[in-house]
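Visitor: Please model the complete structure; the sequences and the hints are all you need to start from.
Now for the letters of each chain:
There are 2 protein chains.
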Amino acid sequence: MAAYRRDQAPWAEDGPPVCVVRPRTAEEVQLVVRACLRHRVPVVPRGAGTGLSGGANTVDGCVLLSTEQLTAIREIDAAERLAVVEPGVVNDVLRAACAEHGLWYPPDPASAPWSTIGGNVATNAGGLCCVKYGVTRDYVLGLQLVTGTGELVRIGRRTAKGVAGYDLTGLLTGSEGTLGVITEITLRLRPARDPERTVAGYFPSLAAAGHAVAAVTAAGLTPSALELIDRNALAAVDEWKNMGLSAEADALLLGRTDLPGSAGEQEAKALLACFTEAGATWAAASSDEEEAEALFSARKLAYPALERLGQVLSEDVCVPRGAVPDMLTRIEEIARRHDVRIATVAHAGDGNLHPAFVVPAGDTDTRRRAEAAFEDVLDAALALGGTVTGEHGVGLLKRAGLTRELPAPVLAMHTAVKQALDPHGILNPGKVIACAPRS
Amino acid sequence: MAAYRRDQAPWAEDGPPVCVVRPRTAEEVQLVVRACLRHRVPVVPRGAGTGLSGGANTVDGCVLLSTEQLTAIREIDAAERLAVVEPGVVNDVLRAACAEHGLWYPPDPASAPWSTIGGNVATNAGGLCCVKYGVTRDYVLGLQLVTGTGELVRIGRRTAKGVAGYDLTGLLTGSEGTLGVITEITLRLRPARDPERTVAGYFPSLAAAGHAVAAVTAAGLTPSALELIDRNALAAVDEWKNMGLSAEADALLLGRTDLPGSAGEQEAKALLACFTEAGATWAAASSDEEEAEALFSARKLAYPALERLGQVLSEDVCVPRGAVPDMLTRIEEIARRHDVRIATVAHAGDGNLHPAFVVPAGDTDTRRRAEAAFEDVLDAALALGGTVTGEHGVGLLKRAGLTRELPAPVLAMHTAVKQALDPHGILNPGKVIACAPRS
Numbered sequence: 001m002a003a004y005r006r007d008q009a010p011w012a013e014d015g016p017p018v019c020v021v022r023p024r025t026a027e028e029v030q031l032v033v034r035a036c037l038r039h040r041v042p043v044v045p046r047g048a049g050t051g052l053s054g055g056a057n058t059v060d061g062c063v064l065l066s067t068e069q070l071t072a073i074r075e076i077d078a079a080e081r082l083a084v085v086e087p088g089v090v091n092d093v094l095r096a097a098c099a100e101h102g103l104w105y106p107p108d109p110a111s112a113p114w115s116t117i118g119g120n121v122a123t124n125a126g127g128l129c130c131v132k133y134g135v136t137r138d139y140v141l142g143l144q145l146v147t148g149t150g151e152l153v154r155i156g157r158r159t160a161k162g163v164a165g166y167d168l169t170g171l172l173t174g175s176e177g178t179l180g181v182i183t184e185i186t187l188r189l190r191p192a193r194d195p196e197r198t199v200a201g202y203f204p205s206l207a208a209a210g211h212a213v214a215a216v217t218a219a220g221l222t223p224s225a226l227e228l229i230d231r232n233a234l235a236a237v238d239e240w241k242n243m244g245l246s247a248e249a250d251a252l253l254l255g256r257t258d259l260p261g262s263a264g265e266q267e268a269k270a271l272l273a274c275f276t277e278a279g280a281t282w283a284a285a286s287s288d289e290e291e292a293e294a295l296f297s298a299r300k301l302a303y304p305a306l307e308r309l310g311q312v313l314s315e316d317v318c319v320p321r322g323a324v325p326d327m328l329t330r331i332e333e334i335a336r337r338h339d340v341r342i343a344t345v346a347h348a349g350d351g352n353l354h355p356a357f358v359v360p361a362g363d364t365d366t367r368r369r370a371e372a373a374f375e376d377v378l379d380a381a382l383a384l385g386g387t388v389t390g391e392h393g394v395g396l397l398k399r400a401g402l403t404r405e406l407p408a409p410v411l412a413m414h415t416a417v418k419q420a421l422d423p424h425g426i427l428n429p430g431k432v433i434a435c436a437p438r439s
Numbered sequence: 001m002a003a004y005r006r007d008q009a010p011w012a013e014d015g016p017p018v019c020v021v022r023p024r025t026a027e028e029v030q031l032v033v034r035a036c037l038r039h040r041v042p043v044v045p046r047g048a049g050t051g052l053s054g055g056a057n058t059v060d061g062c063v064l065l066s067t068e069q070l071t072a073i074r075e076i077d078a079a080e081r082l083a084v085v086e087p088g089v090v091n092d093v094l095r096a097a098c099a100e101h102g103l104w105y106p107p108d109p110a111s112a113p114w115s116t117i118g119g120n121v122a123t124n125a126g127g128l129c130c131v132k133y134g135v136t137r138d139y140v141l142g143l144q145l146v147t148g149t150g151e152l153v154r155i156g157r158r159t160a161k162g163v164a165g166y167d168l169t170g171l172l173t174g175s176e177g178t179l180g181v182i183t184e185i186t187l188r189l190r191p192a193r194d195p196e197r198t199v200a201g202y203f204p205s206l207a208a209a210g211h212a213v214a215a216v217t218a219a220g221l222t223p224s225a226l227e228l229i230d231r232n233a234l235a236a237v238d239e240w241k242n243m244g245l246s247a248e249a250d251a252l253l254l255g256r257t258d259l260p261g262s263a264g265e266q267e268a269k270a271l272l273a274c275f276t277e278a279g280a281t282w283a284a285a286s287s288d289e290e291e292a293e294a295l296f297s298a299r300k301l302a303y304p305a306l307e308r309l310g311q312v313l314s315e316d317v318c319v320p321r322g323a324v325p326d327m328l329t330r331i332e333e334i335a336r337r338h339d340v341r342i343a344t345v346a347h348a349g350d351g352n353l354h355p356a357f358v359v360p361a362g363d364t365d366t367r368r369r370a371e372a373a374f375e376d377v378l379d380a381a382l383a384l385g386g387t388v389t390g391e392h393g394v395g396l397l398k399r400a401g402l403t404r405e406l407p408a409p410v411l412a413m414h415t416a417v418k419q420a421l422d423p424h425g426i427l428n429p430g431k432v433i434a435c436a437p438r439s
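Just so you know, the protein sequences line up as chains A and B, in that order. Just so you know, the UniProt record's numbering puts 412 at position 412 of the first sequence, and the rest follows in order with no gaps. Just so you know, the UniProt record's numbering puts 243 at position 243 of the second sequence, and the rest follows in order with no gaps.
Please keep in mind that the hints were generated in silico from the structure rather than gathered at the bench.
Since the list can't tell identical chains apart, any single copy or any two copies may satisfy a pair.
EDC-like mimics (lysine to aspartate or glutamate), calculated; alpha carbons at most 20 Å apart, straight line:
1) 241 to 291
2) 132 to 77
3) 132 to 194
4) 300 to 248
5) 269 to 194
6) 132 to 258
7) 300 to 290
8) 300 to 250
Guide: What follows is the structure in structure tokens.
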């Protein structure tokens, strides 16, 4: 059972489960939840375990419910542009299946090759293309789930629109397994899009990169990705691959456009102009797939490069996009103050930053300093009008941050909703909000 | 006070309020709610009263809280692409203010010249452009509200992304004043878009029009509007304006595209090809604003044309888009069976139909037959996998329909949420769901 105890979040606690169950049907999920209800035993749902906040970590004495056997793609309906899937379907598998029908499921978390749609829904996962296409919640039409009282129900709809009652589907999405156990998901799809064009720019300062991002917004452009890699992440890639990235720049910006035909060509040119006018020391655009991949390689290599150096905790604050340069400066100050290595990759167009804390294996002293720096990063984001989590979720790691972000009467609303839908407190207890069961 | 008792829904009941209050600040709203709490008096929030389900109708002994004095546009931030407004701001007023900053607030209910953002949020209003750009909920980032326990709180965020706790903002959106009284709204905006091109087609049968809609989807097109006007609506316009529309066609389809430049030209051509190949007897495209307005005139004249003939109840079912022709056929059958005049305008691309029931003033017999037909239309939509309300909300008119749409355990989830956030049952009681207060 050890392999089922933790997700990918370092430092979050886990407790011994009483068993691991791998139901094959929604009805079996219901049986598990009903048994847990009868014995007042916590049930912790788990997808692929790629979460980054400890949301899927086991709690003491729980039943770990793995969705790994619930992998059916039930339906892909091109006429209605929707898919119906079981929660254990891997994101990239669904994406490939949709492509065969000329359709596209946009949400693209970095974990897409491994993470499951169920986990994506539970955490309301984001990704690179959210800047233009939104997050997982924007694609969830309906859910089948087992409730906190053991009922197997369907909520939401198959139609494009619908306002029949409260938006329970949106409420369950991002609830990290604390309001119900998802057994089936109905997803909205888009038509397949045109190939993307890529624009890259190296900037001599964070301020200049920030100006470029602001210029993109001011020009009314809607890139399909707008990523930033800071000098610390570039340096880590250089230490490994010796690409000479960090010598050239304080920040690398990567933009993409997927507008069709000449409109795409024009938007790529406009992105390039924004980069150049903001002071890029080098900038280039490409519609060639191989060339574009090369431009994006620093983005893709950043995490593996950091993981060579030790345990990596990927942080996830989100600030107003205009505050990105300021937030990056504050992160560097925090790293210096606590003497911790932090390298940042950011969905710059969304203001969503992923500062990565690197702690050499077994170095408990650095870990202590990193944990203090981690909380300082959350406070810095809140001071800039941001949130402690843009797309990874609260899980265990952000519970303290959440109580700093939300005032008491709002936390009380969250608690009231939790108690309303999980009156016996058996659904992934202790995650998101601490909350005593009503009975 | 009589002017404040009803919204635009015929046939829904209303009761005498004890008073009408018109607060000028959020703090005054809080005072009102707290006074109502103290005396266990219902509070019914009201925007412009353009609702179509009775959601803003007064209930016996309530305080009617009008947002008409809360009309400040607090902020339009072009760099963050957001606006902060008070609930009484009229949709078109906000739209115009955004345009001055090169920005666009997409949700465009037909009531946009009169309806308020607060009402749009309370009902999760849709409109013509939802088929491409989504509904009101997709644009609500955050809310300030007075809760059912009298607290003045902010929920949601100003950042592009955020998953700090449950999606209370999405939950409040569309809750029709039953979970909180909204005092401020933070809205996501888009950059101003290119001028639209319009495509119109007349079809000899509902089936042919249905084929055209399916062909648009199959071709991977994403029109910015796709509207259908049935022969009964065309006939009503003809009776008034003698435009010769209904002689030519069983249905008129109107499509729009807002892709920039040549991509837009290409999409308009592709729409035209879909219309023609599906059997349009006449079809044309235009990028000329005046010509496009002329093509759309039948859509705009349909309701006024019907209102000449009596009281009009605009229905709002939503079905899978492939079921639109079938639903239109069933509506005609229901009209014949109950001997009621029903004319339908539909957001065909969304499967959202607005059958309009026409009842001559004072004709109680026809009204009785129309009410029976109304419930049959809801049942027909449910039988086709649809919902009883696509964008108008449940209010009073759809409460019976809602209990036919949602199974008991799902209704129980709705009730639990209502009781959690409005424990004393003072917020717009009796709307959406019947629900006894916990205390």
